[in-house]
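Asks: Residues per chain are reported as follows:
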Amino acid sequence: NAGVTQTPKFRVLKTGQSMTLLCAQDMNHEYMYWYRQDPGMGLRLIHYSVGEGTTAKGEVPDGYNVSRLKKQNFLLGLESAAPSQTSVYFCASSYSFSYEQYFGPGTRLTVT
Amino acid sequence: GQSLEQPSEVTAVEGAIVQINCTYQTSGFYGLSWYQQHDGGAPTFLSYNALDGLEETGRFSSFLSRSDSYGYLLLQELQMKDSASYFCALSYNTDKLIFGTGTRLQVFP
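For the protein sequence lines, the chains are A and B, in the order given.
For what it's worth, the working numbering labels the leading residue of the first sequence as 35, then goes sequentially.
For what it's worth, the working numbering labels the leading residue of the second sequence as 1184, then goes sequentially.
Mixed in with the good hints, there may be bad ones.
Claimed, not checked - List time: in silico SDA-like cross-link candidates among lysine to any residue, alpha-carbon distance up to 20 Å:
{"id": "1", "chain 1": "A", "residue 1": "K105", "chain 2": "A", "residue 2": "E134"}
{"id": "2", "chain 1": "A", "residue 1": "K43", "chain 2": "B", "residue 2": "G1224"}
{"id": "3", "chain 1": "A", "residue 1": "K104", "chain 2": "B", "residue 2": "D1278"}
{"id": "4", "chain 1": "B", "residue 1": "K1264", "chain 2": "A", "residue 2": "P139"}
{"id": "5", "chain 1": "A", "residue 1": "K91", "chain 2": "B", "residue 2": "N1276"}
{"id": "6", "chain 1": "A", "residue 1": "K91", "chain 2": "B", "residue 2": "T1277"}
FYI, nobody ran anything at the bench for these hints, they're computed from the structure.
Since the structure is predicted, the reported quantities are computational estimates derived from the model, not experimental observations.
Work out the full structure, taking the sequences as your base and the hints as a guide.
Replies: Structure follows, in C-alpha cells:
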C-alpha cells in the first residue's frame, strides 16, 4: 500500500496563477482532509470530505476549492494564487471517526 | 472559539522523562489526540484519549482530564530520535480535528 500520496511535492507559482494539488489514498478511507501548515501556526484545516461527492469548509477555506469525485482522490484548487498562500499543504485521510488520520508527505508551495 | 495551547519548546536529555502539556478552552468534544512530526516529515498519529485517564503505548503515554481542561503526552526513556514536534488535537465531532500550535522537543545527548 502506498498510503496517502500527494502531487506535486514542490511548486512555485506567480501571483494570480492557478493550480491543483492532488491527493490519493489507497486505504479505502471515507474521510479526507486538506491542511496548511505555516511556521508557528500548527495545522489548519482548509476543507474536508466525509465521502465521495461531499465537501465541507474547515477553518481557513477562503481562496481554495476542493472536489471529491472519486473516493480515493481529493483535489485542492487555488484559482488565483496569492503570496499569503505560501505554505506546506498536507492531505490526510481516515476511516470514519477523525481522531486517527494518515497524512501524505506534503506539498511545499511558494507564491511569488 | 476553539483554542489549544502548548508550550512552544521543550528540551531534555537522553534517557530522561518529559511531559508536554496541552490546555484547551472548550467542552463537548469527543477526545484528545497526539501527533508527532519530524522536521520535513508528515504528522503521524501517536495516541487518543476518549476518556479521562492515562493511555499507555510503549514509551509514550497520554493523559486527559476533562474537569481540568488539559491533557499531556509523557515520553519516557527519551531517545535522540524523539526530537520532533508534537501536536495535540481535539475531536469536536466525528468529522474533523482542531490542532494545537505544537511543541518542539529537542533531546540532547
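Asks: Work down the list of hints and note, for each, if the structure agrees.
Replies: Hints versus structure:
1. A distance of roughly 18 Å separates the Cα atoms of A/K105 and A/E134; the hinted pair therefore holds under the 20 Å criterion.
2. For the hint linking A/K43 to B/G1224, the alpha-carbon distance of about 12 Å falls within 20 Å, and the restraint holds.
3. The hinted pair formed by A/K104 and B/D1278 meets the criterion: a straight-line CA distance of about 19 Å does not exceed 20 Å.
4. Under the criterion of a C-alpha separation no larger than 20 Å, the hint pairing B/K1264 with A/P139 is consistent with the structure, at around 19 Å.
5. A hinted pair counts as satisfied when its Cα atoms are at most 20 Å apart, and A/K91 with B/N1276 qualifies at roughly 14 Å.
6. The hinted pair formed by A/K91 and B/T1277 meets the criterion: a straight-line CA distance of about 15 Å does not exceed 20 Å.
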